[in-house]
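There are 2 protein chains.
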Amino acid sequence: MKNLQFDLKKAFFNKRLGIAEHRQFLILEMALELIQKKGFEQLQFGELAKKCKISRSLVHHYFKDKLELANSLLDLSTLHLQNYVQTSLAKEKDSRLHFQIYCKATLDWAAEHPIEATGLLLFIYLSSHNLEMRRRNDQLSALGRQKIKLLLTQAGFTARIDSNAHIIQTVLTGCYLILLSENHSIKESLQLRSDCLKTCLAVAVSK
Amino acid sequence: MKNLQFDLKKAFFNKRLGIAEHRQFLILEMALELIQKKGFEQLQFGELAKKCKISRSLVHHYFKDKLELANSLLDLSTLHLQNYVQTSLAKEKDSRLHFQIYCKATLDWAAEHPIEATGLLLFIYLSSHNLEMRRRNDQLSALGRQKIKLLLTQAGFTARIDSNAHIIQTVLTGCYLILLSENHSIKESLQLRSDCLKTCLAVAVSK
Numbered sequence: 005m006k007n008l009q010f011d012l013k014k015a016f017f018n019k020r021l022g023i024a025e026h027r028q029f030l031i032l033e034m035a036l037e038l039i040q041k042k043g044f045e046q047l048q049f050g051e052l053a054k055k056c057k058i059s060r061s062l063v064h065h066y067f068k069d070k071l072e073l074a075n076s077l078l079d080l081s082t083l084h085l086q087n088y089v090q091t092s093l094a095k096e097k098d099s100r101l102h103f104q105i106y107c108k109a110t111l112d113w114a115a116e117h118p119i120e121a122t123g124l125l126l127f128i129y130l131s132s133h134n135l136e137m138r139r140r141n142d143q144l145s146a147l148g149r150q151k152i153k154l155l156l157t158q159a160g161f162t163a164r165i166d167s168n169a170h171i172i173q174t175v176l177t178g179c180y181l182i183l184l185s186e187n188h189s190i191k192e193s194l195q196l197r198s199d200c201l202k203t204c205l206a207v208a209v210s211k
Numbered sequence: 005m006k007n008l009q010f011d012l013k014k015a016f017f018n019k020r021l022g023i024a025e026h027r028q029f030l031i032l033e034m035a036l037e038l039i040q041k042k043g044f045e046q047l048q049f050g051e052l053a054k055k056c057k058i059s060r061s062l063v064h065h066y067f068k069d070k071l072e073l074a075n076s077l078l079d080l081s082t083l084h085l086q087n088y089v090q091t092s093l094a095k096e097k098d099s100r101l102h103f104q105i106y107c108k109a110t111l112d113w114a115a116e117h118p119i120e121a122t123g124l125l126l127f128i129y130l131s132s133h134n135l136e137m138r139r140r141n142d143q144l145s146a147l148g149r150q151k152i153k154l155l156l157t158q159a160g161f162t163a164r165i166d167s168n169a170h171i172i173q174t175v176l177t178g179c180y181l182i183l184l185s186e187n188h189s190i191k192e193s194l195q196l197r198s199d200c201l202k203t204c205l206a207v208a209v210s211k
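Protein chains in written order, with the numbering used here: chain W, 5 to 211; chain D, 5 to 211.
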């Protein structure tokens, strides 16, 4: 876990890590924890500063307002997910199996990392009314479909590839949302993920 | 449209409509409009009162705080969706076709009534961190699955009915979310809905 955190920090800032970077990362992690407990609506820079044991003005120094913070939270959550998926893919050399692994890892991530996943849920919600977020959502969503299309091609599925990639993304999004917004036992969560994975595979082969 | 509004109001309050009920309904409609434009986070009772041309204290008289308002918005959105779906189902006498109509109507509702649908999206988001909302979400979600199971049975699909109902609900939720949080042309929206509907039908027959 420590290593993943360190790699994430490096990838997030894309430069040598100084005290400023460690602090910003701490603020983002604490913000995600607060949001998962109370929601973005209730998040206040004062409480966030207290949780980080730094001054409120220092939080404001790094993040002008809540929307800027939300944008960085999205970066962190996206990077966390990508890191998780890439780690899963790296273990399998046969690229024909990468589509399946990608789908499974995406769903497992939401179940195993609810705090980081809450950043993506916040983003989807904000995209419903904030135009800047919506633009980013459109871009990220298009990138996601590109990735799914590539993996489908590698797996040998080429029929109806645009439509199928879009449906697969829809199934993953729906499952992800349900995992984060409803109570499930571990058994129910595993069952739902397994069923959704099977559905993605069935969609992949449909013509 | 006027009739639907009137029926909704009657169903919402479940009693004779006086000035108080008309006012509360107006407040909820205006709140949904504001939320769709700026988000729940930015919604303020002062602005809402101004939009309704009533006093701020009157808004507070009907809705103690934003969470109480959110609960009523959920009631209104749910009722609006149910009304839309029931109207579609009532046009078809053959109950074997009701499953398909239900899925189509649910997706069309999200595309055609984004303002009312935003109430459900807010609810899903709030359910990720608010325990009271999450309990309501669990209940509503279970009711939704019951309904899907009933429609599947009427359509003659009985294999793997619990799992399949859950997957179908997941596909509908995912499509709904994507329709509300991304920009689509009308053509793209129709294509996605049609593809998701086909996927629901494919899941229904899967064993």
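Hints were generated in silico from the structure; no laboratory data involved.
Misleading hints may appear alongside valid ones.
Unchecked claim - Here are the simulated PhoX-like pairs of lysine-lysine, each with C-alpha atoms no more than 25 angstroms apart in a straight line:
no.: 1; chain 1: W; residue 1: Lys41; chain 2: D; residue 2: Lys202
no.: 2; chain 1: W; residue 1: Lys191; chain 2: W; residue 2: Lys70
no.: 3; chain 1: D; residue 1: Lys95; chain 2: W; residue 2: Lys191
no.: 4; chain 1: W; residue 1: Lys54; chain 2: W; residue 2: Lys70
no.: 5; chain 1: W; residue 1: Lys153; chain 2: D; residue 2: Lys202
no.: 6; chain 1: D; residue 1: Lys70; chain 2: W; residue 2: Lys211
no.: 7; chain 1: W; residue 1: Lys191; chain 2: D; residue 2: Lys202
no.: 8; chain 1: D; residue 1: Lys211; chain 2: D; residue 2: Lys191
How the hints compare with the structure:
Under the criterion of a C-alpha separation no larger than 25 angstroms, the hint pairing lysine 41/W with lysine 202/D is inconsistent with the structure, at around 38 angstroms. For the suggested pair lysine 191/W and lysine 70/W, the alpha carbons sit about 37 angstroms apart, so the restraint of at most 25 angstroms is broken. The suggested pairing of lysine 95/D with lysine 191/W is violated, with an alpha-carbon distance near 40 angstroms, which exceeds 25 angstroms. Between lysine 54/W and lysine 70/W, the direct Cα distance comes to roughly 16 angstroms. Compliance with the 25 angstroms bound is thereby established for this hinted pair.
Our distance criterion of 25 angstroms between C-alpha atoms is met by lysine 153/W and lysine 202/D, whose separation comes to about 20 angstroms. The straight-line distance between the Cα atoms of lysine 70/D and lysine 211/W is roughly 48 angstroms, outside the 25 angstroms bound, and the hint therefore fails. For the proposed pair lysine 191/W and lysine 202/D, the alpha carbon gap of about 28 angstroms is over 25 angstroms, so the pair is violated. This hinted pair does not check out: lysine 211/D and lysine 191/D have alpha carbons roughly 32 angstroms apart, beyond 25 angstroms.
Consistency note: the structure conflicts with the earlier hints numbered 1, 2, 3, 6, 7 and 8.
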